[in-house]
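4 protein chains.
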Amino acid sequence: MSINIGLIGAGRMGKVYAQTLAFTVSEVRILALADLDPATAREQAERYAIPYHYTDYRQLLAREDIQAVVIATPTSTHVQVIIDAAAAGKHIFSEKPLSQTLPECDRALAAVKAAGVKLQMGFMRRFDPPYRAAKQKIDEGVIGTPVMFKSTGRDPVRTSLEFARRENSGGMILDMGVHDFDTARWLMGSEVTRVQTEGGCLVYPELKDVGDIDNAVINLRFANGGIGNIDLSRNAVYGYDIHTEVLGSEGSLLIGRLQQTAVLVMTRQGVTHDTVPYFLERFGEAYAAEIREFVRCITQGGEPSPTGLDARQATAIGIAATRSLDENRPVLVSEV
Amino acid sequence: MSINIGLIGAGRMGKVYAQTLAFTVSEVRILALADLDPATAREQAERYAIPYHYTDYRQLLAREDIQAVVIATPTSTHVQVIIDAAAAGKHIFSEKPLSQTLPECDRALAAVKAAGVKLQMGFMRRFDPPYRAAKQKIDEGVIGTPVMFKSTGRDPVRTSLEFARRENSGGMILDMGVHDFDTARWLMGSEVTRVQTEGGCLVYPELKDVGDIDNAVINLRFANGGIGNIDLSRNAVYGYDIHTEVLGSEGSLLIGRLQQTAVLVMTRQGVTHDTVPYFLERFGEAYAAEIREFVRCITQGGEPSPTGLDARQATAIGIAATRSLDENRPVLVSEV
Amino acid sequence: MSINIGLIGAGRMGKVYAQTLAFTVSEVRILALADLDPATAREQAERYAIPYHYTDYRQLLAREDIQAVVIATPTSTHVQVIIDAAAAGKHIFSEKPLSQTLPECDRALAAVKAAGVKLQMGFMRRFDPPYRAAKQKIDEGVIGTPVMFKSTGRDPVRTSLEFARRENSGGMILDMGVHDFDTARWLMGSEVTRVQTEGGCLVYPELKDVGDIDNAVINLRFANGGIGNIDLSRNAVYGYDIHTEVLGSEGSLLIGRLQQTAVLVMTRQGVTHDTVPYFLERFGEAYAAEIREFVRCITQGGEPSPTGLDARQATAIGIAATRSLDENRPVLVSEV
Amino acid sequence: MSINIGLIGAGRMGKVYAQTLAFTVSEVRILALADLDPATAREQAERYAIPYHYTDYRQLLAREDIQAVVIATPTSTHVQVIIDAAAAGKHIFSEKPLSQTLPECDRALAAVKAAGVKLQMGFMRRFDPPYRAAKQKIDEGVIGTPVMFKSTGRDPVRTSLEFARRENSGGMILDMGVHDFDTARWLMGSEVTRVQTEGGCLVYPELKDVGDIDNAVINLRFANGGIGNIDLSRNAVYGYDIHTEVLGSEGSLLIGRLQQTAVLVMTRQGVTHDTVPYFLERFGEAYAAEIREFVRCITQGGEPSPTGLDARQATAIGIAATRSLDENRPVLVSEV
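Chains as they are written, first to last, in my numbering: chain G, 785 to 1120; chain U, 785 to 1120; chain E, 785 to 1120; chain A, 785 to 1120.
Hints are not guaranteed to be accurate.
It does not matter which identical chain is used: a pair holds within one copy or between any two.
[Unchecked claim] Here are the computed lysine to any residue pairs in the SDA-like style, where the Cα-Cα straight-line distance is at most 20 Å:
#, residue 1, residue 2
1, Lys921, Pro1061
2, Lys921, Gln1044
3, Lys921, Gln1043
4, Lys921, Thr1056
5, Lys921, Glu830
6, Lys919, Asn788
7, Lys897, Leu1064
8, Lys880, Gln1043
9, Lys919, Thr1045
10, Lys799, Leu820
11, Lys919, Asp1058
12, Lys919, Arg1107
13, Lys919, Thr1056
14, Lys880, Val800
15, Lys921, Pro989
16, Lys880, Glu1034
17, Lys992, Gly1009
18, Lys992, Glu1065
19, Lys992, Leu1093
To be clear, the hints were calculated from the coordinates, so they are not data collected in a lab.
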């Protein structure tokens, strides 16, 4: 069985999905693309030989020959597009995060449930081979019972000031940390119940003016008693630095690669290697794998994962961690 | 411009190229496939939606709507298929090695030249991002003048006894070493002029019965005075181990990765990571990149590289190194 | 100038200092040793050819031919021995921590000041070549302004239940974390002002019965705005795991080595290396270096460092971090 | 039992042994020191509180209260000093190499045997913890049967032209390679029977004028059928680079550490670490360990190892490898 997909949004992440859909999954055809900007819509449609393109995504949703959509619009629009797509009976793959507020998350989840369509959220780390291998080893009991989760999420460049505004991005903790929050729940196999945050605007003072920060450390407590810490930074000028450790009663797993080309340069200055520039270089394979899984669930049946509920929980942790920073106190996730 | 390609041979490497052509390069369409085995031809054609399939590759070559072919047949047939493809006016991408004898190499090169078609040889390491990055750094002078080349090429499993026969594979030195010989010439920027080999059948005695060996070390001398050593082994039971070093007057470059998933497991037994299982896991990206380059040369013009002459030289070094082992003496490459 | 030293305490750490003093510093002679246990005192004195040994350390302090003492008694006795040694006019090298309470710390510091003797505290990490090299690079500005401190301190085995009692060890956070608290102040060049702790008894339930925990994560805030996190664990069954990172505005420094013998074992099970068994294997060189510095300060003049005040501050952070865990709230270091 | 040692030679290596003897082995006392240069003899004697010093080593040998000598004179004098020391009934620890010619080696061995004294040669790698750990793992069968030996020996700086003369150093292959030849025999558990060398003067043309080279690769064949390769270089400007691999039928062991301080520096330029400056930083611990073993053999009985015969064999391989380079042919070790 082969399916027709509509791609909604052709910005930074939309372009990633256009290329992924075009070249990686043979059972899929991008039948139509929608983007608010007509030039972008036309340019991407031509580049990947997509037959139809629109500026209004509702026109795309109106096509009966489309079975599923991939949503890569700005975060603030995710919920409405999901609701409309669900109403149109399309299966949905949505970029993270689901939303920045829990009521909005719940509206989207209700619409998906009512329509009976499938929803998969774009937490691509769950499809990264190293993270998958680690999850499998944990499930096999290689490290005994997981007791401590540690994760580092650092970007090599400051985000734009416009994007950094809390009303747009949700703030650094929600925007960047949402991947770590999802990974934490997934690898520890337990819900996060409490968070404590320290953070500040330490390197880019201009972020303060738009209400954001550039560094944070977040303690976690899990329902099963486990603990953890996540550090986030916007000033990893040395490269895109994503790594995670799970310490268990019988050992530890360390997931991470800061090296891109496997070339060591040895000169009088020491031994040097390059680093991973940014997320596409690090997680390109994972983007393809998550789409393949989405397509597999549609064509062969099965419930896609990570689910909308996973996305809601990651958002809840992010809101709690942000509140902990704002109010300088431990915050229960159940409070938010 | 988009082109139609014919794939000749759908065995182990042929399947790799089928998948690569199907999913990785958008300007290409596999129009037809040929394989001696009708079931294989049909199965692969269906899998990748290839319109036409044949058991006789000459039928494929007879199609006027095919501009180029990818040859992935057994080594012993490469020369004849190349000659026929050239006569049919098709551009040619051929798996390595060109041939196991120099006169045969020269017949193929003459036919290509006479027909005026393009020929690119499948030395995929030249398209591997780490090897490319190293080549660029050498060209930039990062390590000064290259003076010593060291390369390790080790397979995780013994080859089949049938393939190991010298009349089929050319013997371990030619079959496995040809990649290192090509890399040596490319990274050192100089021809290999003399070789000295020690080797033996040390782990798999059954290889001796078919005239092959399982371990070898090969000293190299380059035209520019540089020196080198290549070690080859069939018993890297721990994983597919390919790494290369170029030592220069001002530093050294080390290319290699023996780790696949970037997961460290830390238990009472120590710190462990997995290894690269085999060549597809290590060089998958390079196979796509070399095909993209071949297509680019056809659609946009330009001379493909590595050339047929590169393949001839790598074969010459392999023949000399094998003779050095057989006759227990240094052998000049110009002798063979 | 050569000096005579008295060693007080010949238990686990006392034996380390006996050997260090005997073999590493040529200007020093251990003239006398004191230990409550007569057999231990005699055995160590014979082993290192120490002329005099006592069971009462005050007899040792009474010797006029002793210029300095090394104190390696249980933590609860440090303050009284320091006060007595200062009163006897001896220079003092004391194992960490100074004390588990701040009033006691202050009593010791006052006595040292009144007597005008030198006091150096045994925070050996400051003398570890990797930590020293990192400190120097920070001071040179290699990473710009330090903004985040991260440190991991994990023991490979559970401590004894007797030692784990809070009245003996001060609890895991104070006992193990004191090294990280000192390192944090030293490398960040700023005081810790606030802490937030999550922790629990997750692997060794028997520790709960004696009032201790086995895992903790501690968020830090520094006076200069910087932030940090320390994780502590008693269940690093894979080895003694001490590593530290300082992230700055222009880069990051990672200090750590989890490998002892520099041997990689590559088999079908993957690539494995051993780990550092425990603190003597990791910091043996640092113990010698700190004693050499102490002797140098006495023989050539100069103020030893880390000072008693450094020890007091590390204790204060530890008390605050423990209170944060007990009371589930951020605690200002100035509160304690 | 405690012993008195005489140190003969207080040049570069002599100073290393003076410090090692002074601080590392408690059962030893350096009673006397001899060096041709009176100022050096006096200065070192004062520094390490050595009671007697001489310019003629025969005066030192004449002392009845000396049981053993450590010889650290220039290579060309080793044999004569050994013969004299043996005649005086002293046990002997000698720096490598034994001699540059086999007849001279044999004279020394005969004298030692006739006198019935113990002789240990200074191949310190055998006492390096990583090399020892690897040897033990090989003996335990971790990698099955060893089949390939690979070793890299590279110095960070060019030797002096005076020392480089073949009559002084024996040439690069003998001088630098002797450690690798010894390691090869030891780790493979088999004699080297044949060698093939390529080499040249590629970076420092001034070495050619004094008859030396700066880079070489040497193929090895072992009596048990195993093979190997050693590369030597004088232009490892990035650091002192010593590493060794033994590939077996069931796995491989890699011994090596190019990093000194365990600090990673991560900046926009990539991830960098320092390297080991030179042999003292790398093998300091091994120098102490080999002396401890020598003393143990004297005080508690036992035959010291590596033996004089080990040194003779390493010299024989070096002579053969040099001849292979000179005559451009494989050379049997039994020829020399």
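Evaluation of the provided hints:
no. : hint             : verdict
1   : Lys921 / Pro1061 : between (28 Å within a copy, 18 Å between copies)
2   : Lys921 / Gln1044 : between (24 Å within a copy, 15 Å between copies)
3   : Lys921 / Gln1043 : between (23 Å within a copy, 16 Å between copies)
4   : Lys921 / Thr1056 : between (31 Å within a copy, 13 Å between copies)
5   : Lys921 / Glu830  : neither (44 Å within a copy, 37 Å between copies)
6   : Lys919 / Asn788  : neither (32 Å within a copy, 43 Å between copies)
7   : Lys897 / Leu1064 : neither (32 Å within a copy, 42 Å between copies)
8   : Lys880 / Gln1043 : neither (26 Å within a copy, 30 Å between copies)
9   : Lys919 / Thr1045 : between (25 Å within a copy, 12 Å between copies)
10  : Lys799 / Leu820  : within (14 Å within a copy, 41 Å between copies)
11  : Lys919 / Asp1058 : between (27 Å within a copy, 15 Å between copies)
12  : Lys919 / Arg1107 : neither (30 Å within a copy, 35 Å between copies)
13  : Lys919 / Thr1056 : between (31 Å within a copy, 16 Å between copies)
14  : Lys880 / Val800  : within (14 Å within a copy, 34 Å between copies)
15  : Lys921 / Pro989  : neither (42 Å within a copy, 25 Å between copies)
16  : Lys880 / Glu1034 : neither (34 Å within a copy, 30 Å between copies)
17  : Lys992 / Gly1009 : between (35 Å within a copy, 13 Å between copies)
18  : Lys992 / Glu1065 : neither (30 Å within a copy, 45 Å between copies)
19  : Lys992 / Leu1093 : neither (32 Å within a copy, 35 Å between copies)
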